[in-house]
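**Q** For reference, the chains in residue letters:
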Amino acid sequence: MNGYNFAYLDEQTKRMIRRALLKAVAIPGHQVPFGSREMPLPYGWGTGGIQVTAAILGADDVLKVIDQGADDTTNAVSLRRFFARTAGVRTTTRTADATVIQTRHRVPEQPLREDQILVYQVPQPEPLWRLEPSRVETRRMHGLADYGLMHVKLYEDIARFGHVAISYDYPVLVNGRTLMSPSPIPSFDNPKLHMNPALQLFGAGREKRIYAIPPYTEVRSLDFDDHPFCPARLPHVCGLCGATESYLDEVVTDDRGGRLFVCSDTDYCAGRRAAGHAGADGMKAAAE
Amino acid sequence: MAYVAVKGGERAIDAAHAWLAEERRGDPAVPDVSLAQIDNQLGRAVDRVMAEGSLYDRGLAALAVKQAQGDLIEAAFLLRAFRATLPRFAHSLPVETGRMQVRRRISAIFKDVPGGQVLGPTCDYTHRLLDFALADSGEPPPRVPAADAEPAPMPLIHEILGQEGLIEADPPLPDAAPGDLTREPLSLPASRDVRLQALARGDEGFLLGLGYSTQRGYGSTHPFAGEVRMGEVAVEIEPPELGFAIDIGDIVVSECQMVTQFTGSKTVAPQFTRGYGLVFGFSERKALAMGLVDRAMRTEELGGDVTAPAQDVAFVLSHCDNIEATGFVEHLKLPHYVDFQNELATLRTIRATAKAAEPAV
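Going line by line, the protein sequences match chains A and B. Residue numbers for the first sequence, in the numbering used here: 5 to 292. Residue numbers for the second sequence, in the numbering used here: 246 to 606.
Derived from the structure by calculation, the hints contain no laboratory data. Note that beta-carbon positions come from the ideal geometry of N, C-alpha and C, so glycine has one too. Accuracy of the hints is not assured; some may be wrong.
Chain B side only, calculated, beta carbon under 8 Å to chain A, not exhaustive [stated by the list, open to error]:
#, residue
1, Glu255
2, Ile258
3, Ala329
4, Glu429
5, Pro430
6, Ile595
Below are the DSBU-like pairs computed for lysine-lysine, each with C-alpha atoms no more than 35 Å apart in a straight line [as the list claims (entries may be wrong)]:
#, chain 1, residue 1, chain 2, residue 2
7, B, Lys311, A, Lys18
8, A, Lys18, B, Lys578
9, B, Lys356, B, Lys578
10, A, Lys157, B, Lys578
11, A, Lys27, B, Lys578
Have a look at the derived ranges for each label pair, beta carbon to beta carbon [what the hints assert, rightly or not]:
#, chain 1, residue 1, chain 2, residue 2, range
12, B, Leu418, A, Leu148, 34 to 42 Å
13, B, Gln314, A, Arg85, 54 to 62 Å
14, A, Glu15, B, Ala597, 54 to 62 Å
15, B, Gly304, A, Arg143, 40 to 48 Å
With the rest of the complex left out, here is chain B:
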């Protein structure tokens, strides 16, 4: 009988999980991929999963990528669910990106800057031609010789502009502990710390699209990439029982200072404003998009009219999290037949009422 076919969910789930495990491993004749291989050779995937998974741990992120068969949103979800079980014992001091061990640092607003323009391991100027040599695993490429010169200090570009007062200064550090969306639900209007946290965890594709929309006129900010830098920064915490900061480790981050259109008011002379992006790992695309969206969300604060999606804080913050989004979009796969049959009944009633009201021919 047909009705019996919808039973047996328990057996079906077990069978599905077994099949999934088999699919994940693939052909047993092909060697198993190691976490070290994923971490080393698919590093950008690991970076993205750490950023959207909100947990800086390359090993666990590589495991998540493997377990999720390369589905990066699923991998970020695995990492988030693990992260939720960890105790939170401190918040760090602000990381000093001015003291970064820089691997890459560019500024689009000056031809040259103190410390120089450093391209780093970028694919920016590669020609996007498939490299068929990579198809055969061969010898590793020759090592790049290290530069002779002692690395010069690399001051932050916006601080150079700030000496003339041409760009807004960093806001003072708030006295209160920074907000944490993973502990307290989002409440609107959200403060900038919470907004930046949401963007840093947010979906790269969503932020890319929103940032792009501001470039096409939906909330334009006339942006310039003031500075993009990537490298290692030290993370420090200051335990109250010690009273001084201790270094707990280094993380790789990408940072973008977006310099945007100048504004002014009766009390403040016109100056450039800023949008800020900071992301775990080498995730430059997302850092730039985040800088655009952060600045767009400051429209109201800077006296503008909120007309575009990227400027609407509630809209952006409520929809940028891909773990929330994927769950709710994909929950449409769950059975909804009780509600659907109610809709069927309502539709039949409305159609019958309409038909009864038709004049007889």
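One chain only, chain A, in its complex shape:
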């Protein structure tokens, strides 16, 4: 694009972000402050992810952007266009073809490879914020690995509801040391963070923090021996492709209680359908 550098950010800013990324990779899960810039998209809409992607993107990369697991949600469309316009890189909706995947709220169903990077958009990097709003205090708690407050919160949930009442942004312990927010992904996705061959980078633009999970790093969701972590999944089958293992969206189809359950990962669902799988609603739609 005329008048702007490759991938929008100037090279000095990219260098500053890459330095923060290197530090983040060196201390898995640790939040590294960085000089987040004002982007031409609003704070809270993925500015952290955009800056990380801009800093790592090369001319040969193939970019995929998803929001809620889907390539065609409005903000995913907008962000993909931003990089197609400012960097001229190839874009794809196929998980397997992408070298960089920017995501909001989901981890793709298809397992990632060592040559792929997953960039998460993070609204609130501090996992302890609901329990302790002062960032001066939470910084001290991270320094001392003093995470008793979070364990007490989980314990109180179990005492009150019989199980932990956190269904997304479920806190994880990275590399046996640092408490980390996995971003607001469903707890269903948490196990995918563990020992993932891909590099996982997290960008929080408004809060000006970057953190990372290097490939093959231990990532444990917090739990107790007698109340092990159990990720939630709706007890249904994808209506379009018949998948039984994927994370499902619940779509309201009418005002009489009608529901359609479909894969939230649109590429995964389309891939299954292309391979000949079909769900009950998919066959119905084809027949109509």
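Place chain B on chain A using the hints.
**A** For chain B alone, kept in the frame of chain A given last:
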């Protein structure tokens, strides 16, 4: 099928942008508004956008106001995003507001002051009656005759009080370069230079509310408007390769020296303290509010207990930026259905568990 309706984001975005452009222009029979008209006739809007957009450029600010259809936070956002792409090559020397080309200067703490009280182009004593004559574009008002007298020097009021040691002096200039929030993330506790930068860029409405809260007892400082002045000041930089200062241009600023309750300690005799406000353009309301909040945030430094929101540095600095705030508040419009459905599932589980535990009747 209903599910198909949520697809087609790409086409929808294009259509929305086209509709927005049409709405912005409005009825083509009505003449297009020019940037010069916005700059000249909506000058206070341009001032506010320059202040919160953190960029002193009247032309670009007027363009932003036009592009944002008069939505001033959106306009400030446009200016900020543009500003982020500019190189930063120097920081200026402190502007000398004592040498300001004063258009307005008042002090509420003395009946008269050296240099006099100058009302300037203020709406303070207008009666807020709608002027229906303005509805019909007519002849411009007659020009105000210039005063005959040579303008007298206008010394800073706090320096007059300072001669007796009755008010705290300016702190010495730090050796290090001033902090810059646009380059380095905020780290707490924040130094005063960084705090003032955050307030100068901060949202006028937020600071107005916080400043007002201190006047109603939430962190009272017993303030007096020691001096409010507005006018042109020279901006100077000192390039290291030159070794002397050069003037790079003039900017209009509003400045407020808030004189607040006296304090003292074992080593310092009681004296008035100060809160400081400095804002681009004619933005007096914000300069006053900034002076109140700056002083409130010095509570801990001056030995007081931090009990009110305006005194809490982390609270004020983390929430005064309207570009950050509007982005995060408005991001609630983005799809959140993955998380929401998780919450639905959790709620259903909890309700089922509770129902199963109920004793059978």
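**Q** Work down the list of hints and note, for each, if the structure agrees.
**A** Hints, verified against the model:
1. Glu255: holds (5 Å)
2. Ile258: Holds: closest Cβ of chain A sits about 6 Å from B/Ile258, inside 8 Å.
3. Ala329: holds (4 Å)
4. Glu429: With a minimum Cβ separation of about 5 Å from chain A (threshold 8 Å), the hint on B/Glu429 holds.
5. Pro430: With a minimum Cβ separation of about 4 Å from chain A (threshold 8 Å), the hint on B/Pro430 holds.
6. Ile595: holds (5 Å)
7. B/Lys311 <-> A/Lys18: Holds, at about 32 Å.
8. A/Lys18 <-> B/Lys578: With a Cα-Cα distance of about 29 Å, the restraint between A/Lys18 and B/Lys578 holds, given a limit of 35 Å.
9. B/Lys356 <-> B/Lys578: Measuring from Cα to Cα gives roughly 53 Å; hence the hint is violated.
10. A/Lys157 <-> B/Lys578: holds (29 Å)
11. A/Lys27 <-> B/Lys578: Satisfied, since the Cα-Cα distance of roughly 33 Å is no more than 35 Å.
12. B/Leu418 <-> A/Leu148: 34 to 42 Å: holds (37 Å)
13. B/Gln314 <-> A/Arg85: 54 to 62 Å: violated (23 Å)
14. A/Glu15 <-> B/Ala597: 54 to 62 Å: holds (56 Å)
15. B/Gly304 <-> A/Arg143: 40 to 48 Å: Roughly 43 Å apart at Cβ, these two residues keep to the hinted range, so it holds.
Figure legend: structure checked against the earlier numbered hints; hints not met, in rising order: 9, 13.
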